[in-house]
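A.B. asks: Listed below are the residues making up each chain.
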Amino acid sequence: AQTVTQSQPEMSVQEAETVTLSCTYDTSESNYYLFWYKQPPSRQMILVIRQEAYKQQNATENRFSVNFQKAAKSFSLKISDSQLGDTAMYFCALGLSNFGNEKLTFGTGTRLTIIP
Amino acid sequence: DAGVTQSPTHLIKTRGQQVTLRCSPKSGHDTVSWYQQALGQGPQFIFQYYEEEERQRGNFPDRFSGHQFPNYSSELNVNALLLGDSALYLCASSWDRVLNSPLHFGNGTRLTVT
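For the protein sequence lines, the chains are A and B, in the order given.
Going left to right, the first sequence walks through residues 147 to 262 as our numbering numbers them.
Going left to right, the second sequence walks through residues 900 to 1013 as our numbering numbers them.
One should not assume that every hint holds.
Listed next, with one range per pair, are the computed distances between beta-carbon atoms [said to hold, decoys possible]:
#1 A:161 / B:952: 44 to 50 angstroms
#2 A:163 / B:938: 27 to 33 angstroms
#3 A:154 / B:937: 17 to 23 angstroms
#4 A:215 / B:970: 41 to 47 angstroms
#5 A:227 / B:968: 28 to 34 angstroms
#6 A:176 / B:919: 35 to 41 angstroms
#7 B:964 / A:216: 35 to 41 angstroms
Think of the hints as simulated: they come from the structure by calculation, not from any bench.
None of these values were measured; they are calculated from a predicted model.
For every residue, glycine included, the Cβ atom is placed at its ideal position computed from N, Cα and C.
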């Protein structure tokens, strides 16, 4: 079974600052993907960034980057130059590669508030 | 290009009733997955449909059933509703022909059971 743990229920940061959200996971599989999803008040889950477990290079998407530590089973999200629109729930998720991404295991989320 | 659409947006039902939620996948997608998100929790996988059949299922009772139509749209049915079924139900679509195709989510249906 797969588990995903997010130990920070809530975080807040001043606009334009950098914030890091933590995530740890557990799986016995060797092929998997990791994701960060954002869920604003509109409720739609929006993919922020994804990381293939077989890739050593950390994924980056504009202001968003990850620190993937495979041995430690850690997958943190760094948001640089934070903006008011970044305010949302952030979920870390794990998917197994054998069946694609249909069955994701999510963490309990971190509520991020960007303060003007 | 229409994304994933779900209907209705909100629904209130009484214990013991039955409910049907609907989902239209993103254009070009052929796989539909359903997730249940209880208040304050992350989404939990219910099941996934491909080629009109259930391909994977999470740890949910048989009261939860689904269907996929030839146009790839899908329904989620829940029978004998319990108070604990109150949640946000999310539909996500993807393209089976692309390995690890990213999931696209809809805005969800908020179900309240009283």
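A.B. asks: None of the hints should be skipped; say for each whether it holds.
C.D. replies: Against the structure, the hints:
A hinted range of 44 to 50 angstroms for the beta carbons of residue 161 (chain A) and residue 952 (chain B) is consistent with their spacing of about 48 angstroms. Between residue 163 (chain A) and residue 938 (chain B), the C-beta spacing of about 29 angstroms keeps the proposed range 27 to 33 angstroms intact. Distance hint for residue 154 (chain A) and residue 937 (chain B): a CB-CB separation of about 19 angstroms, consistent with the stated range 17 to 23 angstroms. Checked against the given bound of 41 to 47 angstroms, the beta carbons of residue 215 (chain A) and residue 970 (chain B), roughly 43 angstroms apart, stay inside it.
Checked against the hint of 28 to 34 angstroms, the C-beta distance between residue 227 (chain A) and residue 968 (chain B) comes to roughly 45 angstroms, which is inconsistent with it. A C-beta distance of roughly 40 angstroms is found between residue 176 (chain A) and residue 919 (chain B), which places it inside the suggested range of 35 to 41 angstroms. Our hint of 35 to 41 angstroms for residue 964 (chain B) and residue 216 (chain A) holds, since their Cβ atoms are close to 38 angstroms apart.
When held up to the earlier numbered hints, the structure conflicts with hint 5 and nothing else.
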